[in-house]
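One letter stands for each residue in the lines below.
Number of protein chains: 2
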Amino acid sequence: MALEHAILVSLLEKPGSGYELARRFERSIGYFWTATHQQIYRVLKRMESDGLLEVREVAQQGRPDKKEYSVAGPGRAALSRWLHEPVEPESIRHELAVKIRGAAFDDPAGLVSEVERHRKAHADRLAHYLSGERRDFTGPEAPLPLDAGRELQHAVLRGGIAYERMTIAWLDDVLATLHRLGTARPGI
Amino acid sequence: MALEHAILVSLLEKPGSGYELARRFERSIGYFWTATHQQIYRVLKRMESDGLLEVREVAQQGRPDKKEYSVAGPGRAALSRWLHEPVEPESIRHELAVKIRGAAFDDPAGLVSEVERHRKAHADRLAHYLSGERRDFTGPEAPLPLDAGRELQHAVLRGGIAYERMTIAWLDDVLATLHRLGTARPGI
DNA sequence: TCCGACATGTAACCGGTTACATGATTCT
DNA sequence: AGAATCATGTAACCGGTTACATGTCGGA
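As given, the protein sequences belong to chains S and E, one line each in that order.
Just so we're aligned: 79 in the numbering used here is position 79 of the first sequence, and the numbers increase by one with no gaps anywhere.
Just so we're aligned: 23 in the numbering used here is position 23 of the second sequence, and the numbers increase by one with no gaps anywhere.
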């Protein structure tokens, strides 16, 4: 049910249309919760009919009209309720780890290029996060009234950065292991 | 579709029943891919009827009979095919991160206990991984024929260890941030 | 004229979760 | 007698994915 709550958070940060939400889920929010536009439109409709959201038809020049959603009172209450109830610490699902273990029954060396692909994807994401951090969280830090939202967004981003760094280091470890296996027994 | 492949890997490592697989998914394999017994029984049945697995009824003393599954030729081929095709680098889904961002619109201090709960869960998992590592991957390392399966299992476990350590450090960071927000503006 | 960005949707499918159900055996 | 472990399942639901579908507007 976290998609609903992710949408509530995103709309509290800034109201927007389904399309705009979909874009945000490709960026900031999507760093730790993904959703496609189909899913988002479906859930927005349900949330609106449940009274969690309000819609406003907005005419635009040079663009199609859009429906701007914002959080209604019950939506805010629902978020608050969720924040106060515990969620289970989730376990990761890492398909690549399955592959790595599976490689023992196939060709370990054949996995090198796949691991390298993943390493690159994570390095790209890290670079993206770091540039976002530079853009949004450095420079003339508003010194007096520290904005809780900003601080917490930054804390989450630091988590993403730490995750990508850790993953890259681990994939280097995996590559070294695959290399060792490849050279140790060249005949077999 | 990774559940099928996780099952193939697990059964190649050692044949077993649905029940045994479910237990493994609570342990080693489950560290990076989870599945409940209902799911496993359903998929085992399908995989068997697809010819990927073989079943053998095994009578046991003092216990109910079980169906021992093992990987058939086509199953091994399917795994090999999967290992050679790229999988998309997946993005994480971290519900707690949604909560952290959402806390800005509610009570940041109220999240402390939840974050601490998660920190403890990850610390427990880390301890569990480390004891597994000590048990399975240290001591009299077979020095001559390094076993590819063992090496790769260890590499995956090191990934789990790195993940838990990173997460614990991040949650400490989050706790420090929440604390800062709580003390900085005691009146608001 | 065609492409890309903006904007919103439907339909079918499938994988995963939750709840329910049964029954044997061993240990306390 | 009751709890725990071993063992295997069915059914309903729901969230997420993939494919398909439509239409506007601005710029190359």
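Simulated from the structure, these hints should not be mistaken for lab results.
Treat the hints with caution; some may be incorrect.
Because identical chains cannot be distinguished in the list, a pair is counted as satisfied if it fits within a single copy or across any two copies.
[To be verified] Once the Cα atoms are required to be at most 25 angstroms apart in a straight line, the calculated DMTMM-like pairs of lysine to aspartate or glutamate come out as:
no., residue 1, residue 2
1, K67, E57
2, K14, D106
3, K14, E95
4, K66, D172
Verification of the hints:
no. : hint       : verdict
1   : K67 - E57  : within (5 angstroms within a copy, 60 angstroms between copies)
2   : K14 - D106 : between (50 angstroms within a copy, 16 angstroms between copies)
3   : K14 - E95  : between (34 angstroms within a copy, 20 angstroms between copies)
4   : K66 - D172 : neither (46 angstroms within a copy, 41 angstroms between copies)
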